[in-house]
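Peer 1: Each chain is listed here by its residues.
2 protein chains.
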Amino acid sequence: MHSRTVFFVSDGTGITAETFGNAILAQFEMKPRHVRLPFIDTVDKAHQAVRQINHTGEVEGKKPVVFTTLVNMEVLKVIQEGCKGMLLDMFGTFVHPLEEELGIKSHHRVGRFSDVSRSKEYTDRIEAINFSLAHDDGQSNRDLAGADVILVGVSRSGKTPTSLYLAMQCGLKAANYPLIPEDFERRQLPPALVPFRSKIFGLTISPDRLAEIRAERRPNSRYASIENCRMEVSEAEAMMRRAGIRWLSTTTKSIEEIATTILQEIRPEKLVY
Amino acid sequence: MHSRTVFFVSDGTGITAETFGNAILAQFEMKPRHVRLPFIDTVDKAHQAVRQINHTGEVEGKKPVVFTTLVNMEVLKVIQEGCKGMLLDMFGTFVHPLEEELGIKSHHRVGRFSDVSRSKEYTDRIEAINFSLAHDDGQSNRDLAGADVILVGVSRSGKTPTSLYLAMQCGLKAANYPLIPEDFERRQLPPALVPFRSKIFGLTISPDRLAEIRAERRPNSRYASIENCRMEVSEAEAMMRRAGIRWLSTTTKSIEEIATTILQEIRPEKLVY
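First to last, the protein sequences are chains A and B. According to the numbering used here, the first sequence is numbered sequentially starting from 1. According to the numbering used here, the second sequence is numbered sequentially starting from 1.
Errors might be hidden in some of the hints.
It does not matter which identical chain is meant; a pair holds if it fits inside one copy or across any two.
For lysine-lysine, the following DSBU-like pairs were computed, each having C-alpha atoms within a straight-line distance of at most 30 Å [stated by the list, open to error]: (1) LYS63 to LYS105; (2) LYS77 to LYS120; (3) LYS120 to LYS199; (4) LYS120 to LYS45.
Simulated from the structure, these hints should not be mistaken for laboratory data. On a predicted model such as this, the values are computed, not experimentally measured, just so you know.
Pulled out of the complex, with its shape left as it was, chain A reads as follows (with noise of 0.2 Å):
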C-alpha cells in the first residue's frame, strides 16, 4: 500500500517531470503513488490542480511530494503561492544559476515535445523507427549500408528491443539480423553483413537465461533446451571472436545499459554534435 502521493507537475507531456523524479525517488525506499498531471498551462489548471494536490494531502495526512517542470511563470505563481505539498521546482533551480554563468535570459518556452512535429530531427526519427522495423530479424537486406548500426546475435538475445530504443530514442537506423545455424556451419557471418562489419554490433546471453525467455515461447522444444542454446551461444560467440566483432552480454542488463554501451562503442557519426 502506497501512503503518501507524488505529483509530476508540467505545462507540457511532464515526461521529463517523471522521468527525474523517478530517478530521485529511486533512492528511497518507499512505494508512494504516482500522479502525472500533464499539459498544465494555464492559471485554472493550474488552480485545479492545486486543489487535487492540497485534497489528497488532507485525506492521507501527509505532505504530498511535488515535482514541477512548469516554464511557464503565472502557472508556477499560482501553484507556488496555493500548494500545500512539498515543492521541488526543477527548472527554477537550475535554469537561474544557469542564465548568471551563459549570459542569456532563458525564454520560458513550453515542452521539448511540442511544435518538434514537423522538425528535421522529428521526421529522422520517425524515418528510423521505419527503417528499424523493416530491418528487424533480417527481414531485408536492403539499403543496410544506410544503417546507422546492425546488431546480430541469436534468436532471443535482445536485439529488437534494443534496436527499436535506438531507433526511438536516438533517431539511429538501427538494423538486426540473427545468428542462425547455416551461419554457424558456414562458420562466417551472414555474407549480407560482411561490408558493414565497422558498424555491426554483437549481442549474446548466458545460455541459461536464453534457455528460460526461449522456454516462454515455446515450451519443450528443441529450440529452447538448455544444450541447444548453450551450443548456439557458444558458436555465435566464437564466430562474433573471429570476425574481429565488438560485443556484450545482455543477461543482466537492461534496454538503456545495453544501448547506452553500443554507442559509447559504435560512435555512430550521426551523434557526434
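Following the hints, position chain B against chain A.
Peer 2: Leaving out everything else, chain B in the frame of chain A:
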C-alpha cells in the same frame, strides 16, 4: 558552431542526466556540444572525467556546464573537488530536502536502469514490445482482448510509432489497426475491434500533412494524392464519430504528446498505481 560543451556525468547510463539537462538547456537559445559520460562508477573514472572536462574548458575558454546524477558519494566528491566546470548536482539538490521531509535516508543506489533485467516490470515491458510488434498494422486479431489499448486510423497517421512508444516506455500492450477503404464502404469499424470499443483510441491527421508524408513513400501515387487523403481522413473521422471513439489529431504533435494524451483518456488499469 558550438562554443561551449555540456557534460552529462552519471554512474549509470546518463539517460536521466541527459533527459533532464536537455529540458533545461531547451530554455536557452544556444547550441552547445553534448558529451555524455556514462558508467562513471569508480574514483579512477571520476578523475578521468575531471581531466576531460577541465581540458575542454581550457580549450574553449569557457566553463563547461556539468549535469551530474551521481549517487556514489566518493565519485561525486572527486568531481566536486576537481571539476572547474559549472557543476549542477541534480541528485544532491533534491535528495537531501526529501530525506528531511520523508524522514528516511536515501540508499545511494546506482542507476534506475541496472539490475532490472529480471524484474517483473522489465519482463512485462519486453512482452509489451513483442505484443505491439505482433499487432502492428492489424497483422493479427489474436488476443486483442489482452491489449491495453488499440489505436486506429488511416495509414501513416502515426499509429506505429505511438504503439511502440507506449510499449517501450509505459509497458503497455498497444495494438494498432488501420482503417481502410473496405471499412469506409461498410461504414463500420473492422469487426474484430467491435468488442473492444472502450480501449480503442483514434488518430487522425490533416489531409495536407498526410499527403506530404505519403508522398515521401510513394510519390505521385493515388495513395498519396491530396484528393484521396482528404477522402480517407474525412471517412475515418466520420466513422470514429459514429462509433463514439475518442480521437486526436497528430498533425502537430510529437509521439510523446500523443502518448500522454492517450494515457489521460484511456487510463489503462495497469498504470493506476
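Peer 1: Please go over all the hints and tell whether each is borne out by the structure.
Peer 2: Results of checking the hints against the structure:
1. For the homomeric pair LYS63 and LYS105, the shortest alpha-carbon distance between copies (17 Å) is at most 30 Å, but the shortest distance inside one copy (33 Å) is not.
2. Taking the closest pair of Cα atoms, LYS77 and LYS120 never come within 30 Å of each other, the shortest separation being 35 Å inside a single copy and 40 Å across copies.
3. Taking identical chains as interchangeable, the C-alpha atoms of LYS120 and LYS199 lie at most 30 Å apart only when both belong to the same chain, with a minimum of 24 Å there against 33 Å between chains.
4. Taking identical chains as interchangeable, the C-alpha atoms of LYS120 and LYS45 are never at most 30 Å apart, the minima being 32 Å within one chain and 36 Å between chains.
Hint violations for this structure: numbers 2, 4, all remaining hints satisfied.
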